[in-house]
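K.L.:
Sequence:
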Amino acid sequence: MKEFGHHRNPFTLTSSLMPKYTRKQIRQRIYHGPLGDREKNYIIELAQKHRMSKVINWKHVICDLERQFDKHYSQNQIKNYWYANQRYILSYRNMHLSKPLFDDEQYQNYSPLLPTMEPTSHEPKFNKPYKMQPL
Numbered sequence: 629m630k631e632f633g634h635h636r637n638p639f640t641l642t643s644s645l646m647p648k649y650t651r652k653q654i655r656q657r658i659y660h661g662p663l664g665d666r667e668k669n670y671i672i673e674l675a676q677k678h679r680m681s682k683v684i685n686w687k688h689v690i691c692d693l694e695r696q697f698d699k700h701y702s703q704n705q706i707k708n709y710w711y712a713n714q715r716y717i718l719s720y721r722n723m724h725l726s727k728p729l730f731d732d733e734q735y736q737n738y739s740p741l742l743p744t745m746e747p748t749s750h751e752p753k754f755n756k757p758y759k760m761q762p763l
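Okay, so the sequence shown: first residue is 629 according to my numbering, each after it adds one.
The reader is advised that the hints may include incorrect statements.
The calculated lysine-lysine pairs, modelled on DSS-like cross-linking and capped at a C-alpha distance of 30 Å, are [said to hold, decoys possible]:
| no. | residue 1 | residue 2 |
| --- | --- | --- |
| 1 | K687 | K668 |
| 2 | K707 | K753 |
| 3 | K682 | K668 |
| 4 | K677 | K707 |
| 5 | K677 | K687 |
| 6 | K682 | K707 |
| 7 | K699 | K677 |
| 8 | K707 | K687 |
| 9 | K668 | K707 |
| 10 | K699 | K687 |
| 11 | K699 | K682 |
For each label pair, taking beta carbons as the anchor points, the in silico distance ranges come out as [unchecked claim]:
| no. | residue 1 | residue 2 | range |
| --- | --- | --- | --- |
| 12 | H678 | S719 | 30 to 36 Å |
| 13 | R715 | R657 | 49 to 55 Å |
| 14 | Q703 | N669 | 14 to 20 Å |
| 15 | G664 | Q714 | 18 to 24 Å |
| 16 | N722 | V683 | 47 to 53 Å |
| 17 | N722 | R695 | 35 to 41 Å |
| 18 | L718 | S749 | 38 to 44 Å |
| 19 | L718 | M680 | 33 to 39 Å |
| 20 | H688 | Y659 | 25 to 31 Å |
| 21 | P662 | K687 | 17 to 23 Å |
Bear in mind the hints are in silico, worked out from the structure with no lab data behind them.
Glycine is no exception: its CB is placed at the ideal position from the N, C-alpha and C atoms.
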């Protein structure tokens, strides 16, 4: 790395010498650890702040996150957390609906809880009881 330091992107040259790795895998300043709770909350705040209609400018989110916590997370890691969190929120909302989405009469008495099955008792029937001998 020191001998390629004067080039514009030394990681590209290093990755050409090591064809097994890409330049993104060689980059050392990326923090590969998991996101902490403070980072997760900060990502949610920043993504809502930098959102333009439905598009989020992830470059600004990454820069602000790096300034705040001195850790450079990859764009993919941040986006994976954001979209997984959004899917969780949507599934949580859909799972806890208080009333049905339909206005038909047949759905007026809809219960959001699943019915419970009552236990039933029955006598077992054995085809060959003489073969069942206790030890």
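K.L.:
Hint by hint, note whether the structure agrees.
P.N.:
Here's how the hints hold up against the structure:
no.: 1; hint: K687 with K668; result: holds, 16 Å
no.: 2; hint: K707 with K753; result: violated, 59 Å
no.: 3; hint: K682 with K668; result: holds, 20 Å
no.: 4; hint: K677 with K707; result: holds, 15 Å
no.: 5; hint: K677 with K687; result: holds, 13 Å
no.: 6; hint: K682 with K707; result: holds, 14 Å
no.: 7; hint: K699 with K677; result: holds, 20 Å
no.: 8; hint: K707 with K687; result: holds, 11 Å
no.: 9; hint: K668 with K707; result: holds, 11 Å
no.: 10; hint: K699 with K687; result: holds, 14 Å
no.: 11; hint: K699 with K682; result: holds, 27 Å
no.: 12; hint: H678 with S719: 30 to 36 Å; result: violated, 25 Å
no.: 13; hint: R715 with R657: 49 to 55 Å; result: violated, 30 Å
no.: 14; hint: Q703 with N669: 14 to 20 Å; result: holds, 19 Å
no.: 15; hint: G664 with Q714: 18 to 24 Å; result: holds, 19 Å
no.: 16; hint: N722 with V683: 47 to 53 Å; result: violated, 24 Å
no.: 17; hint: N722 with R695: 35 to 41 Å; result: holds, 36 Å
no.: 18; hint: L718 with S749: 38 to 44 Å; result: holds, 43 Å
no.: 19; hint: L718 with M680: 33 to 39 Å; result: violated, 21 Å
no.: 20; hint: H688 with Y659: 25 to 31 Å; result: violated, 18 Å
no.: 21; hint: P662 with K687: 17 to 23 Å; result: holds, 22 Å
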